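Please model the entire structure based on the sequences and the hints provided.
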Amino acid sequence: MALDPKLLEILACPQDKGPLLYFADENSLYNPRLKRRYDVKDDIPIMLIDEASTLDDAEDKRLLAKAEAEGIQPTFS
Amino acid sequence: MLTVNFERLGLQRGERLLDVGAGGGRHSFQAMKLGAVTVALDYSATDLKDVAAVSGAMLVEGEISWEQYAGVANANALDLPFPDNSFDRVITSEVLEHIWDDERALAEMIRVLRPGGRIAVTVPNYWPERVNWALNWRYHDVPGGHVRIFRQREIEAKIERAGCYLRGSHHAHAFHSPYWWLKNICGLDNPNAAPVRKYHDFLVWCIENHDRWPAQAEKALNPMLGKSFVIYGEKVTPDMAQYGKRSLA
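Protein sequences appear in the order of chains A and B.
Using the numbering used here, you'd call the opening residue of the first sequence number 62 and step up by one each time.
Using the numbering used here, you'd call the opening residue of the second sequence number 1166 and step up by one each time.
It is possible that some hints are incorrect.
Partial pick of chain B residues on the chain A-facing surface, computed with a CB cut under 10 Å [said to hold, decoys possible]:
1. LYS1214
2. GLU1232
3. ALA1240
4. PRO1248
For the record, the hints were derived by calculation from the structure and aren't laboratory data.
All figures in this text were calculated on a predicted structure; none of them were measured in a lab.
Ideal Cβ placement from N, Cα and C applies to all residues, glycine included.
See the structure below:
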């Protein structure tokens, strides 16, 4: 089950408070500014700074291209 | 069993509410029943799984609708994953006594609250809590346990400094104070001790008969014996904030 739009529209990175890209099929939320990815486990977004992973440039490029191709918009603007 | 009074919180249908440290979710469930778009947040993912499961059951039973259930978020109160001014109401019940940097947690909660929005903060009441600490050190001195005992003036001053007008306070759960004293006397690893069990049965009976004399008696005893102290704050608007040096950061 995907995260609810009512939650997504206010979900931000706990570190810089900016919007995220939600990849429902990968169960992850991505902050392209800090290149930090938050996992979604059992429909619960794990928004803990210590639990996030830092992505390398290749993975960053892949996710940005995917967001562009699939029309994935930031959680808010 | 609610600690916060939702009327004093000023909750209206359709408003967005954040429950910081939702735990078992009792305040989140009530907020959803009252029509708030509710986010339950906790540091424990295990608790959140239960909250999500119970919410799912309430959806199936028709007690709440999808319009109310926004979801759950596993996060730290010190670093909330929301932009500024994103909630109309915030509840944080029996949380700040667990957090060393309680002022940073409060600053975060006020940051995500919109100007004019209200927050309800509950902490253990000073003297029943003091008795608990004196009776049994294990009551608080455990990982994740209570790190301080708030004086009423201390918690009020911290809420004010975080950028809120104080909008009144009250006590709650008078019958729970003796329960914890009994538990501490009988040993926290001994939940089946006869006095603890009997008093627990009494508490359950009170909850089941909440429309009869126990509720009135507890209400009368709350100012003196209340286990919890509840304070309501209202976030100042930017045009008011400029008149003082008080920081909204």
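Do the hints match the structure? See the list:
1. Residue-level restraint check for LYS1214(B) holds (minimum Cβ-Cβ distance to chain A is 6 Å; threshold 10 Å).
2. A distance limit of 10 Å between C-beta atoms decides the matter here; for GLU1232(B) the minimum to chain A is near 8 Å, and the interface restraint holds.
3. Hint status for ALA1240(B): holds, given a least beta-carbon distance of 4 Å to chain A, under 10 Å.
4. For PRO1248(B), the interface hint holds, since its Cβ comes within 10 Å of a Cβ in chain A; the closest pair sits about 5 Å apart.
When the structure is compared with the earlier hints, no violation turns up for any of them.
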